[in-house]
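K.L.:
If you read the sequences in order, they're chains A and B. Note that this note's numbering numbers the first sequence so that position 212 is 1355, with each residue one more than the last. Note that this note's numbering numbers the second sequence so that position 204 is 359, with each residue one more than the last.
Errors might be hidden in some of the hints.
What the hints assert, rightly or not - Heads up, incomplete: computed chain B residues facing chain A, CB under 7 Å, no partners named:
1. N275
2. T277
3. V280
4. T281
5. I321
6. R324
7. A325
8. A328
9. A332
10. L334
11. L335
12. V336
13. G337
To be verified - Estimated spans, in silico, between C-beta atoms of each pair:
14. A:L1268 <-> B:I260: 50 to 56 Å
15. A:D1260 <-> B:K367: 54 to 60 Å
16. B:F316 <-> A:D1260: 53 to 59 Å
17. A:S1284 <-> B:L243: 33 to 39 Å
To be verified - To spell it out: a stretch of chain A is covered by chain B in this simulated footprint if at least three of its residues, at any positions, have a beta carbon under 8 Å from a beta carbon of chain B; those stretches are:
18. 1194 to 1205
19. 1212 to 1220
20. 1225 to 1234
21. 1251 to 1263
In short, the hints are calculated from the structure, not lab data. Don't be surprised by glycine CBs; every beta carbon is placed ideally from N, CA and C.
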Amino acid sequence: MLELRNVQVLYDRAIEAVRDVSLSVPEGQMIALLGSNGAGKSTILKAISGVLYQEDGEIVSGSVVLDGAPLGSRSPADIVRRGLIQVPEGRALFAPLTVEENLLMGGFTRNRAEARDDIERVYALFPRVKERRHQIAGYLSGGEQQMVAIGRALMARPRMIMLDEPSLGLAPQIVDAIFDAIVDLNRSAGLTVLLVEQNAQLALDVTSYGYIIENGRIVLDGPVEALRANNDVQEFYLGMAGGERRSMRDVKHYKRRKRWLS
Amino acid sequence: MDLFLLFVSTGLVIGASYGLIAMGFALVYKATGVVNFAHGELVMLTAYVAFSLTQAFDLSFIPLMLVTIPISMLIGLALERIFIRPMLGEPVFSIVMVTIGLAVILRGVTMMIWGPDPHNLTAGVTTRVIMIGHLPFYAAQLMSIAALAICTALAWAFLRFSRIGIAMRAVAAHETAALLVGISVKRIHAIAWALSAALAAVAGVLFAMNFKLAPDLWFQGLKSFPAVILGGLDAILGSAMAGLIIGLIENLSQGYIGQGLRETSGFIVIIVVLMVRPYGLFGDKDIERV
Ligand SMILES: Nc1ncnc2c1ncn2[C@@H]1O[C@H](COP(=O)(O)OP(=O)(O)O)[C@@H](O)[C@H]1O
Ligand SMILES: [Mg+2]
Chain A
1144 MLELRNVQVL YDRAIEAVRD VSLSVPEGQM IALLGSNGAG KSTILKAISG
1194 VLYQEDGEIV SGSVVLDGAP LGSRSPADIV RRGLIQVPEG RALFAPLTVE
1244 ENLLMGGFTR NRAEARDDIE RVYALFPRVK ERRHQIAGYL SGGEQQMVAI
1294 GRALMARPRM IMLDEPSLGL APQIVDAIFD AIVDLNRSAG LTVLLVEQNA
1344 QLALDVTSYG YIIENGRIVL DGPVEALRAN NDVQEFYLGM AGGERRSMRD
1394 VKHYKRRKRW LS
Chain B
156 MDLFLLFVST GLVIGASYGL IAMGFALVYK ATGVVNFAHG ELVMLTAYVA
206 FSLTQAFDLS FIPLMLVTIP ISMLIGLALE RIFIRPMLGE PVFSIVMVTI
256 GLAVILRGVT MMIWGPDPHN LTAGVTTRVI MIGHLPFYAA QLMSIAALAI
306 CTALAWAFLR FSRIGIAMRA VAAHETAALL VGISVKRIHA IAWALSAALA
356 AVAGVLFAMN FKLAPDLWFQ GLKSFPAVIL GGLDAILGSA MAGLIIGLIE
406 NLSQGYIGQG LRETSGFIVI IVVLMVRPYG LFGDKDIERV
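Excised from the complex, chain B in its bound form (with noise of 0.2 Å):
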């Protein structure tokens, strides 16, 4: 019993990571039609990001949090502005292929600045175990967890609520429509990869907290994947639950049935739900989609 509460805990710690990448994935999917295969490599980047404002400033994790998004998001906005702006009107194929490419170089200038050793990123957090029940958990852990579940109220009130938000979800609708209404679509467009960039740095931060921070930071957008289609590509809120969701069935298949699996138990569980709901858990055929 404590073994399966084990694998839970475990589960639900690296499902919060796939659970805030895909968020990311989704919100610039959500808003622009388009798949960011680089939201892996932003992922890494601003992890790197981080890691060096904790060597020039020595921060603690609140205060790097509040550097480190803006910057992240200004690195968001930059990307948009030069390698997808150029693209509007241009088929989506083309606009991914564009991102691909994009994620190839991040890759590329993040290994130039930062070279290939691995690094730990505390930002000052404590390293001692705490014990909530029977289950010991770090404190990075739970601040992911904790981080997943304030993203999410976040991400919820802001496309409920703000002006902004509401019109993400209005450019998603019905595009034409949002430009007669006089919505700028391509301010939209913009903000929805700065906040995917914020998302990324929440990630990134927290992923190289409880693991390590190395080059192949990026790899976690890909293994995020599973999480991302389970939830519906446009589906914001339900990313973060299928992330979770991901994150148990990868820890439990490991710790029950073997090794191997847990790299391809999500993809296994993907292709067995979109057989049954080809639009993921949360997305919708074509009404509602936050």
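For reference, chain A alone in the conformation it holds in the complex (with noise of 0.2 Å):
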């Protein structure tokens, strides 16, 4: 459903951000993309849904394509409107308005009765926020900030959504509440999700295949089992092993990448 062939992003036309980064989400499918704070994993998000300009960054080579045509320089508007929606880090809620107020604004690219619609179909995948509706979306708890955030990317009536770190600061409980509903989302209306998480432990428990990227590349992908067997994995990402953190990259990830995909 969504491929990125060789993305090279700047930002400033000076900072490499992201090197030569290609993956590929099949539809139906749960997808993660892990990798440590500063990795780039925000950057492809943003590649990807056109607001990198905003921060004066660019895709200087390689495409991002959405059900085999390229997006090129389609308004972030547009790639809504083709069924592709994020999360964003730290939810980005509009804070001054009302939870009610967000998730209308989160159906903008669709008419009004069908935004009144959803709105009930997330306060039934979220009764918490049903109740908070009438609250200033800014004085939520980061559990309830978090539901809002999703419902409110719901609301677009998305076929894929992407969701940068939603695991971000929130206590264990709220977490797998949030994780839960993703995969009710995927199994029962096959909305195809991108999870990028820090959280390798949590985000391979839901996913089946995973990609790992260090210092803007990609350096190892694989099916989630094989990503949990691997040993730099385990020590790494899932601190199954002492001793102090060394990056995958000290490794020689040649060998190891050839592994994977023979």
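Please assemble the complex out of the two chains, which come individually in their own frames, going by the hints.
P.N.:
What follows is the structure, encoded as structure tokens:
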């Protein structure tokens, strides 16, 4: 459904944040994109959604392809209308607006009546959000805000959703509830998911295939069972081995890649 | 006591004018993050457009506004498209400089088309005095105050209940998030300019009716600045209230303390207020800015 082909991203025409990244998200699948802070995960999502220009960023080579057609320089609104939505890092709610206004804005690309109907679907998915619907979004707890952010994204009736570190700063039970909801949307509604996480443990539990990014490059990818079994992943991302954290790039990843590709 | 009431009533009239102009500033600032230094010039230009319309068609007030407002909105859209849209992505400071340049251009154009002589704009409104209690008002003065009340109510309803109005608040709150839900930020910016120009037309016509129409009308834009700052740059409804407050303060300080204070008192007040509340009286630090 979504494909990145050799994407390179520069900020300010000079800082290379993402280099030669290729990845593919097949329809109906849940795919993980893992990497530590500053690896380039959010940059990739911004590139896909067409909002890099806001930060003076630019895709200087490669392409983002949705349903077989390159997105080129389509507007963010156009990309939303084609069924691809992003839940940005840190929720990014419209803080001074009420919860219901936030949701209504999620349905901006659709007509008013459709949006009204869909608000009820979001409330059914997250009953806590319904209880809070007349409150100012900025005053909600982190978990509630994440639910509103996901609900707002669902209001666009996306076929694919990209979540940027949805677990960040949330209590484990809340994370479970949120991940359950996403898995459910994937299973029952066929929603395609690209899950960006620093927390590999969580992400590998719910996805089927994962990419690992470091310093702007994909250093490893494979089915989650294979990633779990990989010693380096265990050491650096699942925290199974002791010792100081090194970068996976220190290890000869050349060989490792070959192993996954064979 | 009667003297006091007279100061209050005239203060409310000039305050209504400040309020209408300040709302126009705040609307563009809230939606786009740019202080439009050409707003006073837009107030002047739209008043002159209305003047030409009355010359050509002899329209009375309501029909005059019904024609002037759409024309003004088109002017606002055109200015945004020609001067501001190409600056998208540039630093806010550069865009503000463009509005200052635009202000100078609009002043020149107005002077070129309509000349330096002052005109009267009556729009068929009676010049008889109307007594409200013990206070004498001209009809045009009452219309100013009523216009401020109506525009404030409309702005409130627009920002609360209309999709575009809510989207405008969403863009103000988080521009990237607005893009990510599919709101066309460019369109919201254009709409803000159009609506701000509509407010400018209401302010300009009423000011010209109450005082006079002359090529120095743009200066009312600067004189409304204390109201803009007092209200909180991004507080559209707050600006309306702040306009009235500044109008009252100016008139009372002139009446009781001395002539010279009229111009300065507003600015003294904002300096004091900003020391206490840097985000204005009604602007909020980060939550809710309507
Ligand atoms: N707006 C920006 N301007 C310049 N550099 C940036 C900008 N945003 C991110 N970067 C840089 O790009 C790299 C990747 O950042 P990011 O995509 O946010 O990483 P992640 O989401 O994986 O934590 C980092 O080195 C970061 O410093
Ligand atoms: Mg990130």
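K.L.:
All hints are to be evaluated individually against the structure, with a verdict given for each.
P.N.:
So, going through the hints one by one against the coordinates:
Using the Cβ-Cβ criterion of 7 Å, the hint placing N275 of chain B at the interface with chain A is not satisfied: the shortest such distance is roughly 44 Å. Taking 7 Å as the C-beta contact cut-off toward chain A, the hint placing T277 of chain B at the interface is violated, the least distance being around 43 Å. Nearest Cβ of chain A to the Cβ of V280 of chain B: about 40 Å, over the 7 Å cut. The hint is violated. Annotation: interface hint on T281 of chain B violated; nearest CB of chain A at approximately 44 Å, more than 7 Å.
Using the Cβ-Cβ criterion of 7 Å, the hint placing I321 of chain B at the interface with chain A is satisfied: the shortest such distance is roughly 5 Å. The beta carbon of R324 of chain B is positioned within 7 Å of a beta carbon in chain A (closest approach about 6 Å), and the interface hint is therefore held. Checking A325 of chain B against chain A: minimum C-beta separation of about 4 Å stays under 7 Å; hint holds. Interface hint status for A328 of chain B: upheld, as the beta-carbon distance to the closest one in chain A is roughly 4 Å, under 7 Å.
Given the 7 Å rule on beta carbons, the hint for A332 of chain B holds: about 4 Å separates it from the nearest Cβ of chain A. A least Cβ separation of about 4 Å between L334 of chain B and chain A falls short of the 7 Å threshold, and the interface hint therefore holds. Interface hint at L335 of chain B: satisfied, since its Cβ lies 5 Å from the closest Cβ of chain A, which is below the 7 Å cut-off. The closest approach between the C-beta of V336 of chain B and any C-beta of chain A is roughly 5 Å, which is under the 7 Å cut-off, so the hint is satisfied.
Interface hint status for G337 of chain B: upheld, as the beta-carbon distance to the closest one in chain A is roughly 3 Å, under 7 Å. For the pair L1268 of chain A and I260 of chain B, the beta carbons lie near 54 Å from each other, so the given range of 50 to 56 Å is met. Distance hint check: the CB atoms of D1260 of chain A and K367 of chain B are about 56 Å apart, consistent with the given range 54 to 60 Å. In this structure the supplied range 53 to 59 Å is violated for F316 of chain B paired with D1260 of chain A, their Cβ-Cβ distance being about 19 Å.
The beta-carbon spacing between S1284 of chain A and L243 of chain B, approximately 36 Å, falls within the hinted interval of 33 to 39 Å. Given as covered by chain B, the segment 1194 to 1205 of chain A passes the check, having 4 residues with a CB less than 8 Å from a CB of that chain where 3 are the minimum. Note: the segment 1212 to 1220 of chain A has 3 residues with beta-carbon separation from chain B under 8 Å; the three-residue rule is met and the coverage holds. Coverage of the segment 1225 to 1234 of chain A by chain B holds in this model, with 3 residues showing a Cβ closer than 8 Å to a Cβ of that chain against a need of three.
Check result for the segment 1251 to 1263 of chain A against chain B: holds, 3 residues qualifying (beta carbon to beta carbon below 8 Å, three or more required).
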